[in-house]
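Peer 1: In the numbering used here, the protein residues as written are 560 to 877.
Source of the hints: derived by calculation from the structure; they are not laboratory data. Don't take each hint at face value.
Pair ranges (Cβ atoms, derived) [what the hints assert, rightly or not]: (1) Lys870 <-> Ile664: 32 to 40 Å; (2) Ala644 <-> Glu848: 43 to 51 Å; (3) Ser686 <-> Glu630: 46 to 54 Å.
Heads up, simulated DMTMM-like pairs for lysine to aspartate or glutamate below, C-alpha to C-alpha not over 25 Å straight-line [said to hold, decoys possible]: (4) Lys618 <-> Glu765; (5) Lys762 <-> Asp659; (6) Lys811 <-> Asp743; (7) Lys707 <-> Asp687; (8) Lys742 <-> Asp717; (9) Lys768 <-> Glu797; (10) Lys846 <-> Asp687; (11) Lys852 <-> Asp659; (12) Lys707 <-> Asp659; (13) Lys661 <-> Asp735; (14) Lys811 <-> Glu765.
Each residue gets a CB set at the ideal place from its N, CA and C atoms; glycine is no exception.
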Amino acid sequence: MSNKHLLKKHLFGVALGALMAAGSSAGARAEDVYIPLVSKGFQHQFWQAVKVGAEQAAKAANVKITFEGPETEAMVDKQIDMLSAALAKKPQAIGFAALDSKAAIPLLKKADAAKIPVIAFDSGVDSDIPLTTCTTDNLAAAGLAADKMADMIGDAGDVAVLVHDQTSRTGIDRRDGFLKRIKDKHPNIKIVSVQYGGGDQLKSTEITKSILQANPNIKGIFGANEGSAIGVLNGVKEMKKKIVVIGYDSGKQQKAAITSGEMAGAITQNPIGIGSCTVDAAVKALKGEKLPKVTDTGFYWYDKSNITDPKIAAVLYD
Numbered sequence: 560m561s562n563k564h565l566l567k568k569h570l571f572g573v574a575l576g577a578l579m580a581a582g583s584s585a586g587a588r589a590e591d592v593y594i595p596l597v598s599k600g601f602q603h604q605f606w607q608a609v610k611v612g613a614e615q616a617a618k619a620a621n622v623k624i625t626f627e628g629p630e631t632e633a634m635v636d637k638q639i640d641m642l643s644a645a646l647a648k649k650p651q652a653i654g655f656a657a658l659d660s661k662a663a664i665p666l667l668k669k670a671d672a673a674k675i676p677v678i679a680f681d682s683g684v685d686s687d688i689p690l691t692t693c694t695t696d697n698l699a700a701a702g703l704a705a706d707k708m709a710d711m712i713g714d715a716g717d718v719a720v721l722v723h724d725q726t727s728r729t730g731i732d733r734r735d736g737f738l739k740r741i742k743d744k745h746p747n748i749k750i751v752s753v754q755y756g757g758g759d760q761l762k763s764t765e766i767t768k769s770i771l772q773a774n775p776n777i778k779g780i781f782g783a784n785e786g787s788a789i790g791v792l793n794g795v796k797e798m799k800k801k802i803v804v805i806g807y808d809s810g811k812q813q814k815a816a817i818t819s820g821e822m823a824g825a826i827t828q829n830p831i832g833i834g835s836c837t838v839d840a841a842v843k844a845l846k847g848e849k850l851p852k853v854t855d856t857g858f859y860w861y862d863k864s865n866i867t868d869p870k871i872a873a874v875l876y877d
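Can you build the whole structure from these sequences, using the hints too?
Peer 2: What follows is the structure in structure tokens.
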């Protein structure tokens with residue numbers, strides 16, 4: 560074998576060794592393994608908490624990550640551009656939280672062809688390219704929100720749902736999980752409106768006011784993410800209505816509203832767990848470990864009675 564071939568073989572062995580050792584403190588230098596994470600944005604405190612979890616896991620595994628997302632969760636095109644730019648840097652693996660479950664598939668196919676492992680987080684895509692999706696079981700969580708709503712309105716009456724979008728997996732699953740549970744278990748509850756506010760507080764406030772004007776006898780509204788829930792709360796306050804408001808996620812405003820009793824309660828995810836799961840899964844993929852198609856990172860119901868419980872407090876975020 561020529562010296563040239565020996566050198567090439569040696570360099571390949573060194574590069575592979577760096578990747579395989581990335582999970583150990585004695586392994587590669589941080590800059591040897593690069594894993595960009597493209598999130599849905601920084602509009603909500605949720606994403607800041609996901610970022611913290613990702614950074615903690617990256618430090619533990621001795622790998623380099625970046626964490627970015629568009630300014631708002633309505634910017635699908637901008638997110639696609641960010642994903643494209645991240646892939647152009649030829650990373651060892653990539654994490655992606657899709658704003659649109661279909662729009663990114665051509666780029667993910669490119670990643671797959673380049674043998675770049677893709678880890679989905681928070682919101683999956685309509686493709687089997689991601690090796691796993693680190694996520695909340697949103698169907699089950701929204702089903703629990705529906706049961707709580709039923710309990711609080713006497714299992715009968717009109718309710719509405721305000722969702723952040725109808726393109727992301729989280730938006731679709733939270734909507735469908737709530738609607739299906741009402742249909743299956745609570746036949747005396749009528750869903751009078753399902754609206755989409757882009758996760759934007761101001762837009763969600765105006766939509767809520769329209770829902771309340773059109774449905775004077777409404778008993779409750781479910782807001783399917785942080786921005787939606789705060790919009791519902793603000794709309795209800797502006798219209799001086801007394802109805803049951805149930806939210807999703809946390810953040811300072813929701814926590815304050817639940818503590819004061821203005822919001823009945825909410826579902827919290829485990830955002831730090833989602834972030835650390837994404838990086839851990841990427842490192843495992845680089846080592847050739849097999850991953851489950853979905854990694855459930857858990858959820859909890861919280862309200863005034865348990866918001867200070869240490870188990871709940873640990874997964875709430877400002």
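Peer 1: Now tell me, hint by hint, if it's right for this structure.
Peer 2: The hints, checked one at a time:
1. With their beta carbons about 38 Å apart, Lys870 and Ile664 fall inside the hinted range of 32 to 40 Å.
2. Distance hint check for Ala644 and Glu848: the Cβ-Cβ separation is about 28 Å, which falls outside the suggested range of 43 to 51 Å.
3. Checking the proposed 46 to 54 Å range against Ser686 and Glu630 shows it is violated: the Cβ atoms sit about 26 Å from each other.
4. For the hint pairing Lys618 with Glu765, the CA-to-CA distance comes to about 43 Å; that exceeds 25 Å, so the pair is violated.
5. With a C-alpha separation of about 20 Å, the suggested pairing of Lys762 with Asp659 holds against the 25 Å cut-off.
6. With a C-alpha separation of about 34 Å, the suggested pairing of Lys811 with Asp743 is violated against the 25 Å cut-off.
7. A threshold of 25 Å between alpha carbons decides the hint, and for Lys707 with Asp687 the separation of about 34 Å lies outside it, so the pair is violated.
8. Pair hint Lys742 plus Asp717 holds up; C-alpha atoms about 13 Å apart against a cutoff of 25 Å.
9. With a CA separation close to 8 Å, the supplied pair Lys768 and Glu797 stays within the 25 Å bound.
10. A threshold of 25 Å between alpha carbons decides the hint, and for Lys846 with Asp687 the separation of about 20 Å falls inside it, so the pair holds.
11. Distance hint between Lys852 and Asp659 is fulfilled; the C-alpha atoms sit about 19 Å from each other, no more than 25 Å.
12. The hinted pair formed by Lys707 and Asp659 fails the criterion: a straight-line CA distance of about 29 Å is larger than 25 Å.
13. Between Lys661 and Asp735 the alpha-carbon distance is near 18 Å, which keeps this suggested pair within the 25 Å criterion.
14. A hinted pair counts as satisfied when its Cα atoms are at most 25 Å apart, and Lys811 with Glu765 qualifies at roughly 21 Å.
Of the numbered hints listed earlier, those contradicted by the structure are 2, 3, 4, 6, 7 and 12.
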